[in-house]
Structure formats: structure tokens, C-alpha cells
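J.: Heads up: the sequence lines are chains A and B, in that order.
Using our numbering, you'd call the opening residue of the first sequence number 1 and step up by one each time.
Using our numbering, you'd call the opening residue of the second sequence number 1 and step up by one each time.
For the record, the hints were derived by calculation from the structure and aren't laboratory data.
From the three backbone atoms N, C-alpha and C, an ideal C-beta is built for every residue, glycine too.
It cannot be assumed that every hint is accurate.
[What the hints assert, rightly or not] In the DSSO-like style, the derived pairs of lysine-lysine whose C-alpha atoms are separated by at most 27 Å in a straight line are:
{"hint": "1", "chain 1": "B", "residue 1": "Lys60", "chain 2": "A", "residue 2": "Lys60"}
{"hint": "2", "chain 1": "B", "residue 1": "Lys233", "chain 2": "A", "residue 2": "Lys233"}
{"hint": "3", "chain 1": "A", "residue 1": "Lys219", "chain 2": "B", "residue 2": "Lys60"}
[Stated by the list, open to error] Chain A stretches covered by chain B per the calculated footprint, using a threshold of three residues with CB under 8 Å from any CB of chain B:
{"hint": "4", "stretch": "92–102"}
{"hint": "5", "stretch": "137–150"}
{"hint": "6", "stretch": "178–189"}
There are 2 protein chains.
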Amino acid sequence: MKQRNRGHHISQQFDAELEDVRNSVLAMGGLVEQQIIQAITALVEGDIKLAEMVIDNDMKVNSAEVAIDEECTHIIARRQPAASDLRLIIAVIKTITDLERIGDQAERIARMGQRLAEKERPKNQYGELRHIGELVAKMVHDTLDAFARMDAEAALEVARQDLVIDQEYDGVMRQALTFMMEDPRSITRMLDVMWTARAIERIGDHSKNICEYVIYLVKGKDVRHTGIGELAKEVKG
Amino acid sequence: MKQRNRGHHISQQFDAELEDVRNSVLAMGGLVEQQIIQAITALVEGDIKLAEMVIDNDMKVNSAEVAIDEECTHIIARRQPAASDLRLIIAVIKTITDLERIGDQAERIARMGQRLAEKERPKNQYGELRHIGELVAKMVHDTLDAFARMDAEAALEVARQDLVIDQEYDGVMRQALTFMMEDPRSITRMLDVMWTARAIERIGDHSKNICEYVIYLVKGKDVRHTGIGELAKEVKG
């Protein structure tokens, strides 16, 4: 992104504004990443206080989205940016929508954590949720990294991680189903496990959306709603 | 919206472009509404062919989103709209993201319909899903109506319907859980019922998001992430 914005704006002030927005997105992303990690930790360790903190902090994520939206609207109105900068700003507006929804899912996981903390704990301490949770937290981290560097190849690599998460998700769901059928007393607990796994899987989807915006931004072509194969063609040329 | 755009643009062409975008959104919304209704019908009636059609048609929803996004980007770049028009365009960009995700949920419901069609059918023919499905289809319809008329009061009324849908959703979930516990052989089928109910409930959330954009657009203040009480204060002034 530095290359894109260096030198071709009449106004240094404009460059600074774009840089500010970019930093705001990364800060919001860092907050969201932390929310995921803490939500999973709260759930796995049965830490009700930590879960509460995550739920409270979702407000911060929401405020960040509203603030960045305003920032973007003001920039467009004041600077009337040309195509490439405009594309950046629109990608930002879309990215923060996904980040906000990742935040919602983290809050959901924390609420599940509160419920599960009151129930009997399985021998594996929800190790399967910890595993898939760590995978998706890494995916969000790598997504923000690709966004920060505006690196389409990296974004493609990250988008591919979503397939792994989907597979892990299927595994968790099958296992939970098996437990339910073997022991109907576990049904309500296993449902919570399933809802949590679903929330984690959704985070992967949102992360993938952001990767697609990065690719769109760098390559100038919309790659949403195309398969990974098509994405790869786009990036590799 | 007519009032907003009539007379104050130097270029009639610009007015026509805004009107085009607005019509594109309504057309996309109509398609999405049809997708919901057909997905629910396919599920309730065990109509595998109809379910397939819904799944195929999701492509059309996706293409509409990409096309309208492009339209919006071009308008901003070419027309450099002032604050109020810019707000409209940004609201459109956000609205179509939610419409596209409603489309995804409709596709998900259709897929559940395919799975359920192969299983034993309950006596009530999934009447509870039909009921909540009809509620949410009406909510989407009313949302598009509020959008078409840029009517903040109507948007507020529609946003309120989401509470009813959430209540109905809770009812469906409790009932499915009871069936599961009473008859563990019903677990997989009841899980599909739960996933379907969840998809329907998510459509309500997306619809509410769109209502909030309408209120934002008319009232000029961001009302996302505020409760219904706050929304009402905003609209009634």
C-alpha cells in the first residue's frame, strides 16, 4: 500500500488520512483477534470472568466499526479520491463489516463459554474446540497481515486455510453427533459444542471474505464468489 | 428518496444513475425474497427439484451484488457525490452485502431441504419452520419496502419484527431439543431442523441491519449497535 500511495497525491494530508484509516483497521483487527483468543480461552478453561470481559469488549469492536465508517465517508466526501484510492476505501468499508461480525462470533463463543462452564466438563477439556479455535485465530492474524502489506499472494494462501478449517469443523460436528447418539444426556452440552464450532467456522468465512477484498484491491478484479482455483488464477496471473 | 434527489443535481444523468442503482437493489432484493420463499417451500414440501433451483439461482444473487458494487464505485469516482448522495451509495454497498448473505442463508435452507427430503417426515410437515420462514420472508419484503420509500418509521417497525422472529426461533429450538431427548433416533433430523431455524433467524438479523442503514440514511445518524429503544428515540426524534 505504501507504494500505491506514495508520491501521487497532491496532498500529503490525504496520504496521512489514508494511512490513518489503514491503521484504524489494523487496530480494530488486533482487537478482534484478541477477542477470539480470549473467547476460546474462556470457553476451554471455563473462565466465566474472562468470558464476561469478551462480551463487554464487543462494544469496543462495534464502536470501531462505526468510527471507521465515518472516517471513510468523510474522506470520500472531502477528497473525492480517484479510482485506486476509492477502491481502497470501499475495501475498508467492507473489511470492517466482516471484522465486526467476527467480533459478534467471538462474543457468541464467550456466551457459550459461560453456559458450558456450568456444565460437566469432558475429559479432553474441549481440546477439539481449542484446536479449531487456534487455527481460526491464526487465520485472522494472517489475514490482517496480508491486508497490512496489501499482499495478494499471502491473501490467497490465507483464503486456502479456510478449507482446512471447514474440514476440522466437519470432524468436530461428526464427533459431537456421535457423542449425542451414544449418550442422550450429553445432547444439550454437545449442542453448545456444535454452536461454538459453527461460530468458529463462520469466523473463517469472514476472514476469507477479507482476503478476497485484498485480492480485489491489488488485482483490481472482483474475485468474490469464485472458487479457490479461480482465485489462484487471478493472483498468479 | 425522490425528494432527496429531485432538483438539486446539476446533472439529470446523475439522478438517473442513482435511480438505476436503487432499482438494481430492489431487483436484487426481489430475487432474494423469492429465494427465501422457494427455499422454505422446497423444504416443507420435500421438493428436491425446487431446492436445486434455489441453489443454482444463488449465482444470480452473487452476480447482482458484484454488479451493483461496481455501479456504486463508478458513480462515486465519476460524480464525486456530496454528503447525502454519498451516504445513499454507502448504504447501498452495505445493503447488498446483507442481501447477498440472506441469499446464502436461503441456499443453506434449500440444502437442508434436500437432506430432509430423504428422511422420514414429521406429522406436522415442518409447520414450525414454515411459520417462522413466512415471518422472515415478510420481514425481508417489508424491509425492501422501507428501503424503496426511504421510510425510517417503517424501517423501525420492521426492525422490531426481529424480536418476534427471535422468540419463535427459541420456541423451535426448545421443541427440537425436546424431540431429540425423547427419541434419540430423531437427533440427526432435529439437528437439520435446528440449522434451518438458525439460517432463518440469521435472515432476520440481516434484514434488521438493512433497516438500520435506512434509518441512518434518513436520520443521518448511525443507529447500528443500539437497542430498539434507542432506534425508536432516533426515529421519533
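J.: All hints, please: hold or fail.
T.: Against the structure, the hints come out as follows:
Simply put, Lys60 (chain B) and Lys60 (chain A) have alpha-carbon atoms about 36 Å apart, too far for the 27 Å limit, and the pair is violated. Among the hinted pairs, Lys233 (chain B) with Lys233 (chain A) is inconsistent with the structure: their alpha-carbon atoms are about 51 Å apart, more than 27 Å. As the CA atoms of Lys219 (chain A) and Lys60 (chain B) are separated by approximately 23 Å, the hinted pair is consistent with the 27 Å bound. Note: the stretch 92–102 of chain A has 3 residues with beta-carbon separation from chain B under 8 Å; the three-residue rule is met and the coverage holds.
With a threshold of 8 Å between beta carbons, the proposed coverage of the stretch 137–150 of chain A by chain B is violated, since 0 of its residues qualify and at least three are required. Check result for the stretch 178–189 of chain A against chain B: holds, 5 residues qualifying (beta carbon to beta carbon below 8 Å, three or more required).
Consistency with the previously given hints fails for numbers 1, 2 and 5, ordered from lowest to highest.
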